[in-house]
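My request is simple: use the sequences and hints to build the entire structure.
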Amino acid sequence: MYNIIKSLNFTNRRNLAVVLTVFSMVMLPLILPVMLGVSMKEVTGDAYLLNLCGDLFLIWLFPIMILGCIAASGDAGDKTLHYEILAGHSRTRVFFARVLCALFWSVLLTAFFFYLPLVYYGLLNGWNAEGMRVSDIVLRALLSLFPMFRVAAFCIMVSVLFRSAGKGIGFSYLFIELQIMAIEIAGLFFDDMDKKYLSGAYNVQDLLTLSNSRNYVINGEKVEVYETALEGGNVLWTIAVSLLLGGIYLAVAYLDFTKRDRS
Amino acid sequence: MAEIIVDVKNMTKQYGRQLALDDISFQIRRGSIVGLIGPNGAGKSTIMKIMGGLAFQTSGTLELFGESSEKGLNHSRTRTSFMIETPYAKAGMSARENLEKQRLQKGIPDKGCIDEVLELVKLTDTGKKEVKKFSLGMKQRLGIANALMSKPELMVLDEPINGLDPEGIVEIRELLRKLNKEEKVTIVISSHILSELSLLCTDYLFINHGRITDTLTAEELSEECSEYYLIDTDNNERAGAILTKECGIEKLEVLENGSMRIYEGFDDIRRISKALYDGGVIPLQLARNEVNLEDYYMKKVQANV
Numbered sequence: 001m002y003n004i005i006k007s008l009n010f011t012n013r014r015n016l017a018v019v020l021t022v023f024s025m026v027m028l029p030l031i032l033p034v035m036l037g038v039s040m041k042e043v044t045g046d047a048y049l050l051n052l053c054g055d056l057f058l059i060w061l062f063p064i065m066i067l068g069c070i071a072a073s074g075d076a077g078d079k080t081l082h083y084e085i086l087a088g089h090s091r092t093r094v095f096f097a098r099v100l101c102a103l104f105w106s107v108l109l110t111a112f113f114f115y116l117p118l119v120y121y122g123l124l125n126g127w128n129a130e131g132m133r134v135s136d137i138v139l140r141a142l143l144s145l146f147p148m149f150r151v152a153a154f155c156i157m158v159s160v161l162f163r164s165a166g167k168g169i170g171f172s173y174l175f176i177e178l179q180i181m182a183i184e185i186a187g188l189f190f191d192d193m194d195k196k197y198l199s200g201a202y203n204v205q206d207l208l209t210l211s212n213s214r215n216y217v218i219n220g221e222k223v224e225v226y227e228t229a230l231e232g233g234n235v236l237w238t239i240a241v242s243l244l245l246g247g248i249y250l251a252v253a254y255l256d257f258t259k260r261d262r263s
Numbered sequence: 001m002a003e004i005i006v007d008v009k010n011m012t013k014q015y016g017r018q019l020a021l022d023d024i025s026f027q028i029r030r031g032s033i034v035g036l037i038g039p040n041g042a043g044k045s046t047i048m049k050i051m052g053g054l055a056f057q058t059s060g061t062l063e064l065f066g067e068s069s070e071k072g073l074n075h076s077r078t079r080t081s082f083m084i085e086t087p088y089a090k091a092g093m094s095a096r097e098n099l100e101k102q103r104l105q106k107g108i109p110d111k112g113c114i115d116e117v118l119e120l121v122k123l124t125d126t127g128k129k130e131v132k133k134f135s136l137g138m139k140q141r142l143g144i145a146n147a148l149m150s151k152p153e154l155m156v157l158d159e160p161i162n163g164l165d166p167e168g169i170v171e172i173r174e175l176l177r178k179l180n181k182e183e184k185v186t187i188v189i190s191s192h193i194l195s196e197l198s199l200l201c202t203d204y205l206f207i208n209h210g211r212i213t214d215t216l217t218a219e220e221l222s223e224e225c226s227e228y229y230l231i232d233t234d235n236n237e238r239a240g241a242i243l244t245k246e247c248g249i250e251k252l253e254v255l256e257n258g259s260m261r262i263y264e265g266f267d268d269i270r271r272i273s274k275a276l277y278d279g280g281v282i283p284l285q286l287a288r289n290e291v292n293l294e295d296y297y298m299k300k301v302q303a304n305v
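Line by line, the protein sequences are chains L and E. So in the working numbering, spot 29 of the first sequence is number 29, and the numbers just go up one at a time. So in the working numbering, spot 75 of the second sequence is number 75, and the numbers just go up one at a time.
If you're looking for bench data, these hints aren't it; they were derived computationally from the structure.
Calculated pairs, BS3-like style, for lysine-lysine (alpha carbon to alpha carbon, straight line, at most 27 Å):
#1 E:Lys-151 x E:Lys-90
#2 E:Lys-128 x L:Lys-6
#3 L:Lys-167 x E:Lys-132
#4 E:Lys-151 x L:Lys-79
Beyond 10 Å from chain E on every Cβ pair, some chain L residues (computed):
#5 Met-27
#6 Leu-124
#7 Asp-136
#8 Asp-206
#9 Val-235
Partner residues are not named here, just some residues of chain L that face chain E (Cβ under 10 Å, in silico):
#10 Asn-3
#11 Leu-8
#12 Asp-78
Cβ coordinates follow ideal geometry from the N, Cα and C atoms, glycine included.
As structure tokens, this is what we get:
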């Protein structure tokens with residue numbers, strides 16, 4: 001399995017789409033404040049988290065889709081994937097090597113570049129908001145890996161079923177957009193509907209949105225104090241829903257990958 | 001008797017309603033070069049795909065190097081190299097990068113094997129040229145290089161000389177012959193260029209409509225491939241009568257277009273020619289030929305139709 005992962009990483013590093021996606025992930029958090037007309041010096045760590053992270057994640061779905069689909073099925077379109085089976089690797093081993101590689105590129109790597117600005121903006125421009133505990137922020141960031149896994153697993157499944165990274169990206173985008181639209185429309189009819197677990201993207205947004213803020217006046221200065229702690233239910237539900245759905249997506253992909261002829 | 005390394009028993013493969021393989025059985029001996037011969041859609045690639053694990057048989061058994069369990073077959077495939085249908089390669093990478101990817105995937109520790117196989121297939125000078133800029137012949141060579149890299153005991157090659165220039169065909173033929181003779185590599189090869197197969201193969205498997213219609217060794221083929229005279233005249237009916245009655249020719253075959261093949265009387269061809277002329281028949285063609293693999297194949301196909 002390790003040999004297959006090495007070979008996949010060798011290919012991914014030479015893939016132009018992968019290189020451009022990683023480059024975009026590095027550049028986007030740097031460019032975004034400029035595009036919003038905010039001076040780079042004003043972007044503190046907490047400002048990045050409070051004002052940008054939630055919405056930025058909707059853009060971040062693209063790197064998850066692109067990297068996940070390319071790592072899982074980039075070799076399916078040109079059929080070089082066949083060589084792994086022909087070389088005597090079992091289909092189960094080939095599948096899990098590809099899933100592990102895809103999860104590394106689409107979850108761990110994207111999460112790294114997603115949260116990296118939090119660190120460098122925090123170090124460069126400081127941290128203003130009161131009440132934000134680093135341990136809570138780290139917990140939220142770590143927890144967001146679960147819904148990211150759920151989204152990545154969905155994209156992997158689509159690309160495996162369609163046997164093409166291109167089709168995987170296209171159809172994953174279509175399905176995710178349709179899902180968000182359906183949730184929004186349903187929300188119009190059910191006011192008290194809890195949307196956050198219905199979509200992986202909403203789940204991440206919810207984790208990165210700090211709504212429990214209170215305003216205090218201390219020494220004549222208005223201070224916004226945030227309550228960053230997560231409720232126990234949130235943690236459990238996020239993990240359970242993400243693992244359950246991600247597991248189902250990967251199980252469907254596994255069955256297709258191991259049972260269907262490759263022509 | 002050489003060891004049997006491929007043993008297929010009662011194998012059937014169905015794609016939906018279409019029967020691609022219909023209860024086929026055959027064996028391949030170690031050290032042989034087996035030609036799979038049949039028209040497009042006969043089932044040649046399906047056999048190769050099942051051997052490679054890309055497709056699953058509907059029923060029947062496959063044994064490779066004496067292994068028939070899933071785990072055992074996967075292990076046997078590490079001793080085998082395949083080039084099925086088109087030689088797959090990453091279009092945006094060079095020949096060397098493509099081979100490096102495969103080397104990593106196969107877990108071959110020696111990086112030198114890449115130079116070795118590039119040299120063997122004469123692709124050393126392609127440098128950083130991307131595979132998408134390769135001709136079909138160059139892609140075929142790359143596919144063969146990939147198949148050679150793991151030093152296999154069995155090579156399964158689907159149309160390996162397709163797209164090669166005449167010089168390339170000779171080189172690949174010599175390379176395969178050398179691998180077979182010196183490294184004792186068993187080769188299963190399919191090609192539409194039957195004249196090439198006849199120069200290389202030790203055994204032949206004829207496939208049509210998913211069935212093995214005939215199996216033949218090279219010796220048996222040479223017995224079948226007898227010499228003959230092709231005779232075409234302005235009155236073939238009368239010529240036939242003269243040949244049988246006056247010249248005493250018994251081994252005579254009348255072809256569809258009316259012309260004839262005689263398989264005896266080669267030393268007496270002057271007398272035959274004179275007899276025809278004296279009988280008022282003007283010979284239009286009188287040529288010495290040989291039944292080759294192509295003729296044999298066509299005869300078999302027509303017999304099946």
